[in-house]
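Chemist: The chain contents come next:
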Amino acid sequence: MSQSPQLLEPRIIAAKSGSWRPKPKISNVTLRWGINAAALVYLVLLYFSVDINWSRVAQGMDRGVAFMGSFLTPDFVSRGGEIAIGLRESLTMTFAATVIGILLAIPVGLGAARNIAPTPVYFFCRAIIALSRTFQEIIIAILFVAMFGFGPLAGVVTLAFATIGFMAKLLAEDIEDAQRDPMEAVRATGASWLQWINYAVQPQVMPRLIGLSLYRLDINFRESAVIGIVGAGGIGATLNTSINRYDYDTSAAVLLVIIGIVLMSEYLSGYVRKWTA
Amino acid sequence: MPVEIVNKTPVWQRREPLQQRLIWCGYFLALMLFLLCWKIISDNTIWEFLTDAHLQAASLIGRMIPPDWSITGSLLLPLWDTLNIATVGTALGVLIAFPLAFLAARNTSPHPSLRAFALAVIVSSRSINALIWAILLVTIVGPGLLAGMIAIALRSIGFVGKLLYEAIEEIHPTPVEAVTSTGAGRMQVLAYSVMPQIMPAFAGITVYRWDINIRESTVLGLVGAGGIGLQMNAAINNLAWGQVATVFVLIFATVIFSEWVSAKVRHAVI
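Those sequence lines, one after another, are chains A and B. Position 202 of the first sequence, counted from 1, bears residue number 208 in our numbering, the numbering being contiguous throughout. Position 221 of the second sequence, counted from 1, bears residue number 1568 in our numbering, the numbering being contiguous throughout.
Here chain B stands alone, though its shape is the one from the complex (with noise of 0.2 Å):
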C-alpha cells in the first residue's frame, strides 16, 4: 500500500510517487499540445467577428421564431423523398455488407489475402462520412435521389459490415461442428449453423444503421443529393430562417420517430 510520511505519520495514498508523477507529466503534455492546438486555431480565427456574436445569435434565434408553418405542406415530399435515400441506401449497403463481412471474420474467410481486402474495404467505407461520398457522387451521377442512395449505401457498407464481421467471429462453434459432422458442404454450414446464431444481431445492426442512415440523409441535400435537405439548403441561402426552423422541426420529428422504431425492433429481436 503507498504510503507517505508526513509528521511522521504514515498517510495513505492511492498510488505509488513514481505513478503519481507519470500521470501528471502526462496531463502536462495533453495540456501543452491542447494550447498548441488552440494557438493555430486562434491565429486563423479573426476575433473581431466574435464582438458581435452575441448580437447574431439573438437575431438567428428571434428570427426562427416563430418557425414559417405555411411550407410545411411542401415540404412533405421532399421527406419522403428522405426516408427514401435512408432506406434504399441501407438496403444496397447491406446486400453488399453481408457477403463482405463473411470474408473479413476470421473463422469463416476462404483466405488470408480476400480476408485483408474485405477489411479495407471496410476501413475505407467506414472512414469516409456519407455527405464526402455524396459530393463526389453528385459530380459523378448528377444531382438528385441515386446520388444520395449510393452515398448512403457507400457509408453503410463500412458500418455494418464491421458489426456483423464481429457478430460471426463470436458465434458459438458447437453447431458449426454438429452440422460439419453430418457431412454438410460448405454452403450448407453457413447456411444452418452460422446464420442462424447472427441472424437477431443482423436484423439489429441493420435497423440501427437505417435510424442513423435518417439522421445523416436530411442534410444530403446540402451538396444537391436530394430529399429535406436541399428545402433546407434552399431556406439557409435565402436568409429565410423562419423556414429553417421548420424544417428543424420536422427533421427533429422524423429522427424521434426513426429512433422509436429502431428501438422497438431491436428490443424485439434481441
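Here chain A stands alone, though its shape is the one from the complex (with noise of 0.2 Å):
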C-alpha cells in the first residue's frame, strides 16, 4: 500500500489492525438514520391503531388445525360433479377470455408504442390501458355482474378486460424496443403499413408475445378462481360455497386442483418457451 494513511477511511484503518466489517448498505448517514427512525415510528402507530381480538384467534385454532389437515384428506369425490362443473366452467372462460383479450391487446399495443402511432392514439391508448391496470380483477367483475348479470360472461369480460391492459402494455414496450433497421430496410422495399407491421415489427415481438400469452392464460386461471366469488362463474363459486358450508375437505381439493393445473401450465410454458425462443 503505496497510500497515506490520512487518505484512507477510518473503516480501512481499523481493518488493518484486524477489525474489518462491511460497508453499510445505504451511504448517507442521514437518508440511513432517518430510514430507521420512520420506521421505528410506523412500528409504534402501528401498535396504537390496530386492534386484534385475541380470544377470537385463540377459538378459530381448532377450525384452522382442521383446515390443514383436511389437507391429507382431500375429497374429490363427494363434490365430484359441482368441482368438475366448476373446473369446466373456468377453463372455458380463461382460454375464451385470453383469446378475446389478447386480439384486443394488438392493436392497442400497437397504438401504444411510441415508436409507431401518432401521439393522439399514443395517448389514447396508453389511457386504455392505465384504466385497465389499476383497477382489481375482482372490482372489474363487480360492475360487469352488476350489468351482464350472474354468469360466466361478466367472468369473461372481466379477464378479458384486464389481459388488455396486461398484454398493450407489455407488447408496447416490446415494440419500443424493436431494432429500426428491419423497420427501415421494409419501409424502402416500399411496404404498405400493414405490410411493413407484418415483415419488420411482427418476428421482433413474436416470441415474447408468445411467451406473455402463456403467462396470462396462467394469470387468467388463477383469476377466474377468484371472480367467482362475487358471482362471475367459474371454480371460484364452487371453492365459496364450500368454505361458507365448513366442507373444508372439498375446499381443500379445490384449492389442489387449482395448484395442481398451476404448475403444470408452468411447465408447459416453459417448454413452450424454449421451442419458440
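There could be a bad hint or two in this list.
What the hints assert, rightly or not - Examples of chain B residues toward chain A, derived with CB under 8 Å:
| id | residue |
| --- | --- |
| 1 | L1380 |
| 2 | T1392 |
| 3 | L1493 |
Unchecked claim - Keeping only pairs whose Cα atoms sit at most 25 Å apart, straight-line, the calculated DSS-like set for lysine-lysine is:
| id | chain 1 | residue 1 | chain 2 | residue 2 |
| --- | --- | --- | --- | --- |
| 4 | A | K280 | B | K1509 |
| 5 | B | K1509 | A | K175 |
| 6 | A | K175 | B | K1611 |
| 7 | B | K1355 | A | K31 |
| 8 | A | K29 | B | K1355 |
| 9 | B | K1355 | B | K1509 |
| 10 | A | K280 | A | K175 |
Hints in this document: simulated from the structure, not taken from any laboratory. Small disclaimer: the values here were computed from a predicted structure and weren't measured. Glycine included, every Cβ here is placed at the ideal spot set by N, Cα and C.
Take the two lone chains, each set in its own frame, and fit them into one complex as the hints suggest.
Modeler: Dropping the structure here:
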C-alpha cells in the first residue's frame, strides 16, 4: 500500500488492525438513520392503531388445525360433480377471455408504442392501458356482474378487459425496444403499413408475445378462481360455497386442483418458450 | 430461401410450404377450441339479461357521478388499515420467504429434498390468490385486519421467494469462491459473498411486492378481512354507487402513490 494513512477511511484503518466490517448498505448517514427512525415511528403508530381480537383468534385455532388436516384428506368425490362443472367453466372462461383479450390487446399495443403510433392515438391507447391496470379484477367483475347479470359471460368480459391492459403494455414496450434497421429496410422496399407491421415488427416481437400469452393464460386461470366469489362463474363459486359450509375437505380438493393446474401450465409454458425462442 | 412459382416466375415466401400449413393448422385448432369454449359459456349465460345491459351501464355510471364526497372523512381510517395490512403482510411474507429462497436456490440449498419442499411451498403460495386465503382465514381467525395481514403474507411468500431464489441462482460465483478460500464457515460465506450480491434485488422485489399488496389489500374487505374494502362492500350492498365511486377514487389515488414510491425506490437501488 503506497497510499498515505490520511487518505484512508477510518474503516480501512480499523481493518488494518484486524477488525474489518463491511460497508453500510446505504452510504448517506442521514438517510440511513432517517429510514430507521421512520420505521420505528411506524411501528409505534401500528401498535396503537391496530386492534386484534386475540380471544377470537384463539377460538378459531381448532378450525385452523382442521383446515390444515383436510389438506391431507382432500375429498374429491362427494362434491366431484360440482368441482368438475366449476373447473370446466373456469377453463373455458380462461381460454375464451385470453383469446379475446389478446386479439384486442394487439391493436391497443400497436397504438401505445411511441415509435410507430401518432401522438393522439398514443395517448388514447395509454389511457386504456392505465384504466385496465389500476383496478383489481374483482372490482371490474363486480361492475360487469351488475351490468350483465350473474354467470360466466361477466367473468369472460372481466378477464378479457384485464388482459388488454397487461398484454398491450408489455407488447408496446417490446415494440419500442425493437430494432430500427429491419423496419427501415422493409419500409424502403415500398411496403404498405400492414406489410410493414407484418414483416418488420411482428417477427421481432412474436416469441415474447407467445411467452406472455401463455403467462397471461396462467394468470387468467388463477383469477377465474377469484371472480367466482362475486358471481362471475367458474371454480371460485364452488370454492366459496364449500368454505361457507365449513366443508374444508372439498375446499382443500379445489385448492389442490388449482395448484396442480398452475404447476402443469408452468411446466408447459417453460417448454413452449424454449421451443419458440 | 422458400419460393413459390407463379406464372413461371419465382416469388419470395416467408416460410416453407409445409411449415406454413402447420401454422395454419395450429390457428385452425385454436379457433375450434375457442368456438367450443364460447358455446359452453353461451349455454350458461342468460342472454335476456344483456338486452338492457347498456341501460344498466348508463344508470350505473349516472349514479356514480358525482361521487359522494361527504363520506371521505370516514374512509381515512379504513385506508390507514389497508396500508397496514399491505405493509405488515409484506413484512411477514418477506421474513418467511427469505430463508425459503436460500433453501430453494440450487447453489445454496443444503439438500435436494429441502429444495423440493421449498419449491412446493413457493408454487402453492403463488397459485392461490390473496382473496382466497382471506376467505379461509376469516373463517379461522375471525373477520378483521389479522386475517388480511396473514392472507397478504401467504400470497407474498411465493412471489418474493421465486424472484429471490432466481436472483440467488444468478449470482457471480467468484466472490463465493474467494470468501470460501479464506476458510469462512457456511454462514459466513452466505453473509459476506451471497448477501451483498442479492441485496439490491431483494430490496427491489420487496418494494415491488408491497406495491402489488396495496392493490390487493384494497379488495380484501369484500370478504371481511378489513380495510377500505369493507366500506366498499357496504356501499355496494346498499347500491350507494356514489359512495362506491368515492372509494374508487381513493383507491386510485393510493395505487398511484404506492406505484410512485415503488418506482422511486427501485430506481434508487438498482
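Chemist: For every hint, state whether the structure bears it out.
Modeler: Hints versus structure:
1. L1380: holds (6 Å)
2. T1392: Nearest chain A Cβ about 4 Å off; hint holds.
3. L1493: Holds - the Cβ of L1493/B comes within 8 Å of chain A, reaching about 5 Å at its closest.
4. K280/A <-> K1509/B: holds (20 Å)
5. K1509/B <-> K175/A: It holds: about 23 Å lies between the C-alpha atoms, which stays within 25 Å.
6. K175/A <-> K1611/B: holds (20 Å)
7. K1355/B <-> K31/A: violated (71 Å)
8. K29/A <-> K1355/B: violated (75 Å)
9. K1355/B <-> K1509/B: violated (58 Å)
10. K280/A <-> K175/A: holds (23 Å)
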